[in-house]
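First to last, the protein sequences are chains A and B.
Heads up: the first sequence at position 201 corresponds to 201 in the working numbering, and the numbers run straight through without jumps.
The number in the working numbering is simply the position in the second sequence, starting from 1, with 249 added.
Don't read these hints as lab results, they were simulated from the structure.
Even glycine gets a Cβ: it sits at the ideal position worked out from N, Cα and C.
Warning: the hint list may mix true and false statements.
Facing chain A, from chain B, some residues (calculated, C-beta under 8 Å) [said to hold, decoys possible]:
(1) Val336
(2) Leu337
(3) Arg429
(4) Ala430
(5) Leu433
(6) Thr437
(7) Ser439
(8) Asp525
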Amino acid sequence: MAPLLIIDDLQIHYGAIEALKGISLYLDEGEIVAVLGANGAGKTTLINAISGLLPISSGNVTLEGNRLNGIPPYEIVQKGISQSPEGRKVFSTLTVDENLNLGAYTQRKKKQEVGDAKERVFSLFPILRERRRQLSGTLSGGEQQMLAIGRALMSSPRLLLLDEPSLGLAPILVNHIFGIIREINSQGTSILLVEQNAHKALSLAHKGYVLENGVISTSGSSSELKSNRKIQEAYLGGSALKRKGNQTT
Amino acid sequence: MQVVFEQIINGLTIGSFYALIALGYSMVYGVLKLINFAHGDFFTLGSYLGYTLLVFGSAFITTHFGLWGGMVAAMLMAAMCLAFIGVLVERAAYRPIYPAGRLPAVVSALGASIVLQNAIMVIWGPRYQAYPAKLIPNIHLNIWGINITVLQIVILVLSFVLMGILYYIIQKTVFGAAIRATALDKDTASLMGINFNKVIFFIFTLGPALGAMTGVMVGMYYRQISFTMGWNYGLKAFTATILGGIGNLPGAMFGGLILGVLEMLGAAYISAAWKDVFVFMILILVLIFRPNGLFGEKIAEKV
Ligand SMILES: Nc1ncnc2c1ncn2[C@@H]1O[C@H](COP(=O)(O)OP(=O)(O)OP(=O)(O)O)[C@@H](O)[C@H]1O
Ligand SMILES: [Mg+2]
Chain A
1 MAPLLIIDDL QIHYGAIEAL KGISLYLDEG EIVAVLGANG AGKTTLINAI SGLLPISSGN
61 VTLEGNRLNG IPPYEIVQKG ISQSPEGRKV FSTLTVDENL NLGAYTQRKK KQEVGDAKER
121 VFSLFPILRE RRRQLSGTLS GGEQQMLAIG RALMSSPRLL LLDEPSLGLA PILVNHIFGI
181 IREINSQGTS ILLVEQNAHK ALSLAHKGYV LENGVISTSG SSSELKSNRK IQEAYLGGSA
241 LKRKGNQTT
Chain B
250 MQVVFEQIIN GLTIGSFYAL IALGYSMVYG VLKLINFAHG DFFTLGSYLG YTLLVFGSAF
310 ITTHFGLWGG MVAAMLMAAM CLAFIGVLVE RAAYRPIYPA GRLPAVVSAL GASIVLQNAI
370 MVIWGPRYQA YPAKLIPNIH LNIWGINITV LQIVILVLSF VLMGILYYII QKTVFGAAIR
430 ATALDKDTAS LMGINFNKVI FFIFTLGPAL GAMTGVMVGM YYRQISFTMG WNYGLKAFTA
490 TILGGIGNLP GAMFGGLILG VLEMLGAAYI SAAWKDVFVF MILILVLIFR PNGLFGEKIA
550 EKV
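Take the sequences, apply the hints, and build the full model.
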């Protein structure tokens, strides 16, 4: 079976800066694929390029054989890809309910589907049901992360892009959220998971890619990556703590 | 005591003009962070178009629709024309400039304003024009000693209905939430499937249409219109926008109403000649003490 998502020799520039220098990866239907890398490696750039937020300099993004290059973000959602962005980006002066409704904006005419999707989100994140009338800017960081993921699920995507869902959360909350990511995947949604928390990400993902300065330096199944000495030194174990302290975003 | 009530009603009437114009400023600022200086001239142009329709269509309209029909027809026609012109101005004067940043866009907005104002002067002449008196309903009422015209009541009701409709669209519908989301964060809104250009289209049809309807109501109320009146009303409406917190639509509505009432009370009890000074003093005080507006709220992003 052909992969769901294929990234082929993708190059992305910010003006003169080359942020992705020709990377290739693929994701099979039903998989969780982790993309690991330090600050500035190009992880968010990759996710935003898939979502159509950034112009593609060269290379291809294809979903089920359909080329996505040049398609604007608001149409990418209709193709079945949605994103939970880095730093949550909930619409702070809108209520939880309104945020979720916007997640299903492309389906807004289908009341039944929107209702079902919302029920699914509430069953994954019961706290959001309690908070539904609350302004999302007044939620705790963890709740905002749940809202961002829930909002991305509202369009019932085939492929969910998660950009650092563990960012700034207490370890216990990270475990909780990762458990739910696994559940979302087991319900049939494929997931591209961008993370600095390599240990956690690899415990969840089927396979992973390591991004360094805009190129993929290593890739393999999660167990291969976990036992790779270089990866252990750079992304697992002691240095993970040091990176946390350096986080700027 | 009657004077107070009369002035409050007069204040609410002109306040609702400010409020309706302020909504146009606020919507555009919310989404584009651009002060659309041409908006005051949309209002003037609407007023002149309504005037022309009434002058040339007077016999036809009054026999078929009555006086109120004439007013409604003029408002609807002006609204439709300005919806079209609003989109046109956005395409011609603003859209090509966005990539250059906010300051060039503001300059372009000033330019658009000057072009529109001069076009109005060239077409209709530099002198005041008078709405035809025989087409304006003129019924005075005396309720508990308070003098009020039926026209005033109709204007107030119409304005509140229009504000109510806009409030409903913006605050209660999914499309309204999409507009508010776009104002907060354009990129993340696009990730939801919201087409930015459709949002722009909407605010540049609705804002100018509301402005145009206000222009017709002002023509009916004061009977005299001039090609420069967009500056004055625009400035007041802009003050109202800031009073309410720029980008905050319910704030803009209340800001307009409060400003109108204060202006009229100031005119009655302090000095009519100084009423504009009074208004702008309020603006300065708000800018000093409540820069986010009277209702401006800031919710810190939790990171
Ligand atoms: N808008 C921008 N303009 C210019 N350069 C940018 C822009 N956004 C990102 N970059 C640069 O592109 C590179 C990749 O950035 P990106 O945000 O994709 O990294 P990341 O892997 O997501 O990092 P982090 O873990 O800190 O989120 C960095 O060198 C960054 O400085
Ligand atoms: Mg990032």
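Results of checking the hints against the structure:
A least Cβ separation of about 19 Å between B/Val336 and chain A goes past the 8 Å threshold, and the interface hint is therefore violated. With a least beta-carbon distance of about 23 Å to chain A, the hint placing B/Leu337 at the interface is violated under the 8 Å criterion. Interface hint status for B/Arg429: upheld, as the beta-carbon distance to the closest one in chain A is roughly 6 Å, under 8 Å. Because the smallest distance between the Cβ of B/Ala430 and any Cβ of chain A comes to about 5 Å, under 8 Å, the interface hint for this residue holds.
Annotation: B/Leu433 was flagged as interfacial toward chain A, and the flag holds, the nearest CB pair being 5 Å apart, inside 8 Å. Interface restraint check for B/Thr437: the shortest CB-CB distance to chain A comes to about 4 Å, inside 8 Å, so the restraint holds. Hint status for B/Ser439: holds, given a least beta-carbon distance of 4 Å to chain A, under 8 Å. Given the 8 Å rule on beta carbons, the hint for B/Asp525 is violated: about 33 Å separates it from the nearest Cβ of chain A.
The structure shown violates the earlier hints numbered 1, 2 and 8.
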